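**Student:** Chain residues, written in single-letter form:
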Amino acid sequence: MKIVITGGKHEADFIVKMLKEERHQLIVINQDTEFAEYISTNNDISVFPGDPTKAYVLSDAEADNADVLLALSDSDTDNYIICLTAKKEFNIKRTVSKVKNPKNVELFKKLGVDSVISSTYLLAQTILNESSVENIIKTLSIEDEKIVMVEMGVEASYALVDKKIMDINFPKNINISCIFRDPHVIIPKGDTIIKADDKLIIISTPTEQEEIIEFVKKKR
Amino acid sequence: MKRNKFIVIGSGRLGSNIATQMSELGEDVIIIDATDDSFRKLQESFSGYQVVGDATDLSVLENSYIKHAKTVVITTDSDNVNIYLAHVCYYIYNVPTIFVRLADTDKGSLLEGTYIKAIYPFTLSLQEFMTMYKQEDNK
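Top line first, the protein sequences correspond to chains A and B. Okay, so the first sequence: first residue is 768 according to my numbering, each after it adds one. Okay, so the second sequence: first residue is 888 according to my numbering, each after it adds one.
FYI, nobody ran anything at the bench for these hints, they're computed from the structure. Here the structure is a predicted model, which is why all the values come from computation and not from measurement. For every residue, glycine included, the Cβ atom is placed at its ideal position computed from N, Cα and C. Treat the hints with care, since some could be wrong.
Here are the simulated BS3-like cross-link-like pairs (lysine-lysine), alpha carbons at most 30 Å apart as the crow flies [unchecked claim]:
1. A:K769 - A:K821
2. A:K930 - A:K986
3. A:K877 - B:K954
4. B:K954 - A:K870
5. B:K954 - A:K867
6. B:K889 - A:K876
7. A:K865 - A:K787
8. A:K855 - B:K954
9. B:K1004 - A:K876
10. A:K865 - A:K821
11. A:K865 - B:K1004
Incomplete in silico selection of chain B near chain A, CB under 8 Å [as the list claims (entries may be wrong)]:
12. V968
13. Y971
14. Y978
15. D993
16. S996
Partial list, computed: chain B residues near chain A (C-beta under 8 Å) [stated by the list, open to error]:
17. M909
18. T943
19. N967
20. I970
21. H974
22. I979
23. L997
This is chain A alone, in the form it adopts within the complex (with noise of 0.2 Å):
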C-alpha cells in the first residue's frame, strides 16, 4: 500500500516504524525540520519537511493516488485541510484524522474525512472499561459503532455456566465468537459447553448489547 503520514511527533515516528516493517511505500511529511530529520535518520527514511496543507508540498513529495492518508497534526482545522486536499486534488482513497477535540469525531466524519481518532475519547473509553466494578465487561465497537466487540468473564454463579451452547436460549441476533479458557482460544460449535472463568467474546449490534450483558449475567 502506498501510505502518506503527515504531521505528529512521536506518534509518527512509532506508526512509521510500523508499517516499515510491513514493506509499505511510505510517504512521510513533517512540518517541523528537526523532527522531520530525527524521523528519517531514526527509522531510515527520506522525510519531506514541509507543511502538508499546501497542495504543493503534497505534490513534490508525489503523495498523488496514495491508498490512505494519516493526517497527525496537533490542529484539528489543519488535519481536516489536509485530508480535504487529499481527496479533492490528490486522489487519495482513505483519509484517516487525528483530533483534539473529541467533539469533531463526529463532525469531520459528516465533512467527508472517512476516519476520525481522538485519543481522549479513547482514554475516556478505556478508563470506563478498566475501572468497570463489573467481572471484565470490555466492549470495542467496529465500523464506525455499527458492530461491537464485548468481552465478558464467566463467573461460577451464572446460570449458564456447564450448559452446551445449544441448550441455552440465547436471545437474537447473539454470536459468541470464541472462548477464551486459559490458555485454550476455542472456536465455540453447539455442543461447546461454557464453564465457570471461560472469557466469552460475543459480536452483537450496539442496540442488543446490553440485552446480551444482562442475559449472560443471569444467575442461576
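Could you slot chain B onto chain A? The hints should help.
**Tutor:** Chain B in isolation, oriented as in the chain A frame:
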C-alpha cells in the same frame, strides 16, 4: 426558522470594518473573535453583538446564532481555519451566503463545487497595482 443574522468571524481590520459598515446599513450583526482585545477595532457606530470565543468550536458558533445566519463573512488570519469554517457553515449549517478571505490563492480550489465566495487580497492588490501603474505610465 428565520435567517436574519449577519455573522462576521475574525475581528481584524477587514472583519471589524465589514461588521461596522453592515451594522450601519441596518443589519443584525454578530462578530466573533477569540480575543476580547480585537473588538477595539470596531467603530463607535457598531451596534451589533460581540462574542468572545473560538469559532472552530461548534458550541461557540451555535451560541452566536449560526442557525439563524443569512450571511457569514470569515476573515480570521489563518486560511486553513477560514476554509474549515466555511465548510462547517456550508455543509453543517447550510448558511445561504458565505464569504471567505484567503491569502493563498491556491487554496481557492478547495472551495470548488460550493457557492462559497472567496476574496483574495493578493489578487485585488495586484489588479490595483496594474491599474495605478498604467495611469502613471500614461502621464
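**Student:** Could you run down the list of hints and mark each one as holding or not?
**Tutor:** Do the hints match the structure? See the list:
{"no.": "1", "hint": "A:K769 - A:K821", "in the structure": "holds, 20 Å"}
{"no.": "2", "hint": "A:K930 - A:K986", "in the structure": "holds, 13 Å"}
{"no.": "3", "hint": "A:K877 - B:K954", "in the structure": "holds, 17 Å"}
{"no.": "4", "hint": "B:K954 - A:K870", "in the structure": "holds, 18 Å"}
{"no.": "5", "hint": "B:K954 - A:K867", "in the structure": "holds, 25 Å"}
{"no.": "6", "hint": "B:K889 - A:K876", "in the structure": "holds, 28 Å"}
{"no.": "7", "hint": "A:K865 - A:K787", "in the structure": "holds, 20 Å"}
{"no.": "8", "hint": "A:K855 - B:K954", "in the structure": "holds, 27 Å"}
{"no.": "9", "hint": "B:K1004 - A:K876", "in the structure": "holds, 24 Å"}
{"no.": "10", "hint": "A:K865 - A:K821", "in the structure": "holds, 18 Å"}
{"no.": "11", "hint": "A:K865 - B:K1004", "in the structure": "holds, 29 Å"}
{"no.": "12", "hint": "V968", "in the structure": "holds, 5 Å"}
{"no.": "13", "hint": "Y971", "in the structure": "holds, 4 Å"}
{"no.": "14", "hint": "Y978", "in the structure": "holds, 6 Å"}
{"no.": "15", "hint": "D993", "in the structure": "holds, 6 Å"}
{"no.": "16", "hint": "S996", "in the structure": "holds, 7 Å"}
{"no.": "17", "hint": "M909", "in the structure": "violated, 26 Å"}
{"no.": "18", "hint": "T943", "in the structure": "holds, 6 Å"}
{"no.": "19", "hint": "N967", "in the structure": "holds, 4 Å"}
{"no.": "20", "hint": "I970", "in the structure": "holds, 6 Å"}
{"no.": "21", "hint": "H974", "in the structure": "holds, 6 Å"}
{"no.": "22", "hint": "I979", "in the structure": "holds, 7 Å"}
{"no.": "23", "hint": "L997", "in the structure": "holds, 6 Å"}
When the structure is compared with the earlier hints, a violation turns up for hint 17 alone.
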